[in-house]
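Those sequence lines, one after another, are chains A and B. By the numbering used here, the letter at position 9 of the first sequence is numbered 9, and the numbering carries on one by one without gaps. Position in the second sequence counted from 1, then plus 1000, gives you the numbering used here.
No lab work stands behind these hints: they were computed from the structure. Glycine included, each C-beta is placed from N, C-alpha and C at the ideal position.
Dumping the calculated EDC-like pairs for lysine to aspartate or glutamate here, alpha-carbon to alpha-carbon at most 16 Å:
no., chain 1, residue 1, chain 2, residue 2
1, A, K131, B, E1086
2, B, K1191, B, E1238
3, A, K127, B, D1171
4, B, K1193, A, D92
5, B, K1117, B, D1098
6, B, K1172, A, E130
7, A, K134, B, E1086
8, B, K1076, B, D1124
9, B, K1111, B, D1141
10, B, K1117, B, D1099
11, A, K131, B, D1171
12, A, K75, A, E130
13, A, K134, B, E1146
14, A, K134, A, D68
15, B, K1215, B, D1228
16, A, K127, B, E1238
17, B, K1166, B, E1205
18, B, K1224, B, D1173
19, B, K1074, B, D1124
20, B, K1204, B, E1238
21, A, K91, B, E1194
22, A, K122, B, E1238
23, B, K1111, A, D68
24, A, K75, A, E132
25, B, K1117, B, D1077
26, A, K75, A, D63
27, B, K1193, A, E98
28, B, K1202, B, E1157
29, A, K91, B, E1196
Covered stretches of chain A, as calculated for chain B (at least 3 residues, CB under 8 Å):
no., stretch
30, 20-27
31, 90-102
32, 106-113
Only some residues are given here: those of chain A computed to face chain B with a beta carbon under 8 Å:
no., residue
33, G64
34, V66
35, V85
36, Q87
37, H116
38, S118
39, Y120
40, V128
Below, each chain spelled out in residue letters.
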Amino acid sequence: MKKETGVAISMGIIFGLVFSFVVILNTQKNQTVTQKQQTQKKVVTGAGTGVAIEPLIVSAPTDGVVLDTNKVSLKGTTEKGSFLVVQTQTKDLTATAENGAFTIDVPLSLGENVIHISSYPKGTGGKVQEKELKVYYLTAN
Amino acid sequence: MNKKQSLLISVVAVCLCVVPAVIAISPTLEPTKSASISATPEEKGAQHLLDTLKSQAEALQKKDQRAYVGIVSKIKDSIVTINATEGVDEKTYSIKIDDTLTHLYRIAGTKTNEIKKGDLKEGDYIIVTGQMLDNTVEANDVYIDEQFLVKTGRISEISKTDYYLKVITYDKDEYTLDIQNSTRQFMLNVKTKEIESIGFSKMKEGDSVHFVVSKTNPGTSKEKNRYDAIRVLVIPQEFSVQ
Chain A
1 MKKETGVAIS
11 MGIIFGLVFS
21 FVVILNTQKN
31 QTVTQKQQTQ
41 KKVVTGAGTG
51 VAIEPLIVSA
61 PTDGVVLDTN
71 KVSLKGTTEK
81 GSFLVVQTQT
91 KDLTATAENG
101 AFTIDVPLSL
111 GENVIHISSY
121 PKGTGGKVQE
131 KELKVYYLTA
141 N
Chain B
1001 MNKKQSLLIS
1011 VVAVCLCVVP
1021 AVIAISPTLE
1031 PTKSASISAT
1041 PEEKGAQHLL
1051 DTLKSQAEAL
1061 QKKDQRAYVG
1071 IVSKIKDSIV
1081 TINATEGVDE
1091 KTYSIKIDDT
1101 LTHLYRIAGT
1111 KTNEIKKGDL
1121 KEGDYIIVTG
1131 QMLDNTVEAN
1141 DVYIDEQFLV
1151 KTGRISEISK
1161 TDYYLKVITY
1171 DKDEYTLDIQ
1181 NSTRQFMLNV
1191 KTKEIESIGF
1201 SKMKEGDSVH
1211 FVVSKTNPGT
1221 SKEKNRYDAI
1231 RVLVIPQEFS
1241 VQ
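Make a model of the complete structure from these sequences and hints.
Here it is, written out as structure tokens:
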């Protein structure tokens, strides 16, 4: 076998191994995040009921994000059938998360927007779950 | 063996390492919109890597666009000090105002009015965008805004004569809300789940209340945690126990 053939094979194997390592590492990272989210689901219990309920998780937008549009899509998950109240300084919005997931378009005011999300799960004796985000809609016009 | 054959061998070697790895992780890879139906496993893996790098770059860009928010505590020359509350932590930021590069605005409803550095005063609630360098934010834009509190709690006391509510939030903080003529009052209709406009007499102790107050303009002669309510939304107790 010639020298350049050996070099070519070695380089091919090294590149292949590096690429495989990066892909596998990235996949494992994604799996860890998913497992963490699944573990969190069993933490919250309804007041006095002892029944495990899904926690209120807001996946978007990110707290403290700066935007240049006057509305934002609020996404997340909660206990199935929960009644949601989304409140900002200018608007009250309500929705029912029939299957647990929710997407709500929230209008934004110029400047700081405090988005307060409350989830009223069914049959938990009034146990309310809350999250608060601050989103900044900034434009010079 | 010529150069062409060497190249062919190296390509085969790459495939031998990459293909098993991609096949091993392929069931866990989520399909992406950009991946075509006829994409090979190698292409899918490469696309996934590209998407990851793209989202990380976008996240870094957004991170750079963060806002620094707080109440002005000191103004000295071109440096403005703000006190910020981040969760339970109190932080202090130094903001550098450049006479030519920094733009200052006052937010008034749906408009921003450009102002001068001299218009900024202690006690103002400001939002600053810019880059943090050596513990100082090099301000691009500074906005003077109104600070609002948006909270939820349970009504613990109602004064029908003095028109106020005492509310205990789920974080155990107590607020007194003065209901003024300007206060917008709403209640959830338990049957229709629609929000309806109501009068003060409909509220009762034990109901949940979602309220908005202005921390910047709490009203005249207010003690701590007492505000004129801007808006209240009442969720009747009957709904909560359903």
